[in-house]
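Enquirer: Sequence:
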Amino acid sequence: MGGRASSILLAIANLLIPAAVLIFATGFFPYKPFLPGLAKFQELEYGDPPEAPFDKVIFMVVDALRSDFVYSRDSGFKFTQSLISSGAAVPFTAHATSPTITMPRVKAITTGSIPSFLDVILNFAESDTTSTLAHQDTWLAQLKAKENGKLIMYGDDTWLKLFPDTFSRADGTSSFFVSDFTEVDNNVTRHVPEELLASDWNAMIMHYLGLDHIGHKAGPHSSNMLPKQIEMDGIVKDIYDAIENEAHLESTLFVLCGDHGMNDGGNHGGSAPGETSPALVFMSPKLRTITNGTECPTTPTRDFDYYTKIEQSDIAPTLAGLLGFPVPLNNLGVFIPEFLSFWSSGADQVQLLLRNAMQIQTIVKATFPNSDFSRSSQRSSHCESPLSSGDELACKWRTALEILEIAGQDLDPKVCLPPLVEFCKSAQDTMSSTASNYDLSRLALGSAVSFVSVILSLAALRPQVSQITSTGVFFALILVLYGLMMFASSYVEEEQHFWYWTASAWFFYLFLFESRKAWFGNFALHPALMLLALLRVTRRWNQTGQKHAGAPDIVHSAFLNTPLVLWTLIGATYLDITFRLARHIAQSLSESKDNEAENGVPDIARIGGALTVLPLGAMAFLFKLSFTAKDAPELVAGMTGTILGWVEGLSLVGIARLVFWGIGTSMVWLVVSHWRRKRGRKGEQGVESTQEDLDLAIGLFDLLSLFLVTQTRAQNIPLYLIFRAQLFFLTHLNLPPIQITISSLLLSHTSFFALGNSNAISSIDLSNAYNGVAGYNVLAVGLLVFMGNWAGPIYWASVGTLLLGLYEEELSKEKSAKQDPIKIKPWVAAERAQLKMQADADLKTPQDPSSIFTLLTGLSESEQVPSYFFSHIAWLTLFTSFSLLAVMAACTALRTHLFIWTVFSPKYLYAMAWGVAFHLGISIGWGSVMWWASPY
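The sequence shown lines up with residues 1 to 936 when you count with the numbering used here.
Simulated from the structure, these hints should not be mistaken for laboratory data. Every value quoted in this text rests on a predicted model; they were computed, and no experiment measured them. For every residue, glycine included, the Cβ atom is placed at its ideal position computed from N, Cα and C. The reader is advised that the hints may include incorrect statements.
Here are the simulated distance ranges between beta carbons [claimed, not checked]:
no. : residue 1 : residue 2 : range
1   : A145      : S82       : 34 to 40 Å
2   : A533      : A476      : 43 to 49 Å
3   : G47       : A145      : 52 to 58 Å
4   : R679      : G571      : 37 to 43 Å
5   : P193      : V653      : 31 to 37 Å
6   : S82       : L38       : 36 to 42 Å
7   : T299      : A145      : 39 to 45 Å
When you get a sec, could you build the whole thing from the sequences and use the hints?
Expert: Right, dumping it as structure tokens:
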């Protein structure tokens with residue numbers, strides 16, 4: 001097959017990747033239709049709706065308020081516990097379904113429905129308006145629609161995005177941009193005293209973020225956690241005292257809840273028991289009339305299950321009954337039975353549940369149109385026989401109607417309530433499990449497109465895959481094992497172990513492979529074995545995944561958290577990059593002035609390079625120090641007050657912008673000076689020219705490294721010293737192209753997990769998402785989030801391209817030596833010849849050096865990307881398309897699996913990022929820039 005044909009096939013294969021991702025996503029994450037408008041009270045034969053015991057609500061959300069934070073003996077909520085014990089508060093554990101992040105949880109709380117999983121993405125888009133609930137029925141909309149309805153809100157601005165033009169007074173705080181523990185909550189609390197004295201509102205929403213920030217920074221056992229709980233409990237006391245003492249608040253219901261919990265690592269987004277078990281407490285002096293109190297503090301019955309466990313969606317219909325408005329149209333929640341005692345009349349209790357059941361039946365009937373819910377149908381005596389979900393619900397609904405018909409006007413709650421509750425609970429369970437109506441045709445089409453991409457990648461690699469080699473067999477094993485792993489939820493959650501063990505096996509294979517060619521004098525210091533040792537360190541840097549989250553690791557060790565040790569390592573990392581950049585700038589200054597000196601770089605150029613780059617490196621270091629002083633002050637403890645005071649006074653946005661501008665300007669300068677050098681020696685040939693040209697690619701890589709370090713958490717920055725050591729040993733292995741590709745692929749994935757990432761939404765790091773950004777910008781924030789979380793893979797993808805350039809340089813030197821055999825020793829020539837033979841055996845590339853960009857750029861064949869880079873991209877495309885196919889197949893086959901939304905759906909979102917942003921944007925896009933910067 002000709003080079004041009006291979007290029008066209010590979011170009012099509014890569015274009016099909018985003019197409020497959022989009023098609024499959026539209027079938028897997030379908031848009032959830034909703035009933036528009038506001039619900040109205042239906043006229044029933046039993047009379048008007050029961051009178052509500054409350055006319056106002058104070059809804060206080062403490063972000064990530066896990067149940068044990070309130071109910072355990074170690075809790076700081078002592079006043080809240082006293083209310084529970086006295087009967088003035090009724091406690092629950094509210095089950096929060098995955099994804100356990102703020103936006104979908106707020107949607108569930110306010111609408112009573114099951115949010116779409118795509119709200120995970122919308123949760124990170126602060127300018128998003130497509131997720132608004134402005135046109136949906138919620139308890140906020142119902143309260144505002146009441147006579148003199150007025151709502152106020154303070155705290156997390158997620159509420160302002162979801163409910164635009166809803167609040168008469170509001171003060172929002174960004175949950176991502178503000179990363180402190182105190183000011184973000186003080187901004188809410190400062191409004192509370194004034195609003196408690198005002199009487200013009202009927203709903204006040206408060207959303208505190210500080211406790212969640214503490215969890216993200218230091219976990220649930222942080223020394224800051226108990227003081228924050230005591231602070232929140234003090235606010236509860238102030239509000240409850242006002243309810244008792246202010247006449248206009250005497251019929252106010254006070255609700256304290258968490259939108260989600262947190263795991264042992266302090267994160268959330270997944271389905272761990274701690275993440276799905278937030279606390280929920282209803283408070284009011286009136287509650288003493290229906291309960292005598294409950295023992296508190298107490299112990300959980302299982303994991304984090306304290307007291308009665310309800311669904312978070314049950315909050316919406318419960319508020320509807322307690323505040324006297326219709327249940328929201330799209331609600332799937334069930335009125336909490338513990339509050340039925342507020343109504344002494346049994347008929348009123350039955351009517352509340354009946355109205356709730358009628359509203360749910362409307363949604364169920366629309367979901368199962370072929371099931372007969374009419375009262376005139378045959379009697380429902382066969383509900384126990386095997387029935388479809390729709391028919392079973394229809395049967396239970398008819399049973400409830402029959403009992404109500406027999407009861408007539410004498411609605412005995414002991415007889416009428418059980419069938420209504422059974423229907424509501426069964427409908428809730430069924431509708432929750434069928435929350436997404438998969439479009440199977442799109443799932444199949446998306447998988448088919450991905451399969452075609454695999455076939456086209458294989459066709460483009462036909463010369464290489466047609467010959468079996470040990471390296472090729474290893475790559476095939478990676479594909480097969482990875483594909484099989486995607487069908488097991490436990491392996492998906494703990495994917496990091498696959499890459500750690502595979503990389504270990506690969507480096508041992510390289511040791512054996514290299515030992516075949518020549519004996520290494522001190523085998524204990526063999527580069528492959530040194531890579532194994534360094535890999536062992538990286539895998540212990542961060543404990544990630546689900547099973548070992550929060551387990552001891554290097555990042556949380558006392559050694560690394562000693563400020564002197566940490567900042568010494570961070571400083572060494574910045575100095576290493578700065579010194580290398582100074583050499584590149586000095587070289588460019590020397591070449592631009594055409595000076596002659598030792599090594600081609602005069603002293604004046606060296607001084608100029610140092611003076612140019614040192615301020616950039618110093619600013620980058622100062623930015624990280626200043627950011628950490630505000631983000632994690634415990635990591636700078638021990639520094640003098642003068643230094644900390646000066647550092648904390650610096651503008652983070654301003655310094656970050658200076659760093660980014662400096663990096664960008666340096667890149668432009670290196671490219672321009674490279675272009676001037678090439679023009680100055682146009683027509684010259686030789687190894688010296690080759691080495692100078694390769695310096696441009698290395699210079700761009702070092703500038704990229706500075707940017708990536710800036711986008712990395714302080715405790716992870718020393719990892720780049722290990723990365724640099726791994727790169728050093730890789731260059732001493734003299735790997736052929738396909739082995740370079742596999743090495744960069746494996747190290748990309750191991751570094752992803754070593755930096756603390758996983759396949760859980762909760763591991764997404766947003767701490768560096770706003771570096772240099774004064775306000776929300778979707779493109780800037782999105783890019784910074786990606787660069788921060790994929791910093792390791794981006795580093796190693798760039799290394800892969802650099803190593804290919806170095807390999808080409810070796811071939812160029814060999815060719816030059818053949819032209820002048822006196823300059824090279826025979827054994828060196830023999831070794832290089834052997835390397836080339838091995839490379840040719842593994843590569844077998846066509847002589848026509850066409851690239852995948854031929855079709856896209858229209859470049860002539862002499863301008864196309866050389867064949868080694870073509871082969872590199874082809875192998876990466878094969879892995880990317882095959883891995884996407886495996887994830888799609890697993891999601892399709894396991895779409896009814898219990899963990900489809902907690903394990904497999906997040907994995908698909910990550911696969912989207914790996915396939916589109918990383919493969920197309922970094923491996924191909926940035927890789928092409930790096931290859932262009934090399935002399936080949």
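Enquirer: Please go over all the hints and tell whether each is borne out by the structure.
Expert: Hints and how they fare:
no. : hint                    : verdict
1   : A145 - S82: 34 to 40 Å  : 36 Å, holds
2   : A533 - A476: 43 to 49 Å : 27 Å, violated
3   : G47 - A145: 52 to 58 Å  : 22 Å, violated
4   : R679 - G571: 37 to 43 Å : 39 Å, holds
5   : P193 - V653: 31 to 37 Å : 33 Å, holds
6   : S82 - L38: 36 to 42 Å   : 39 Å, holds
7   : T299 - A145: 39 to 45 Å : 43 Å, holds
The structure fails hints 2 and 3 (numbered hints given earlier, in ascending order).
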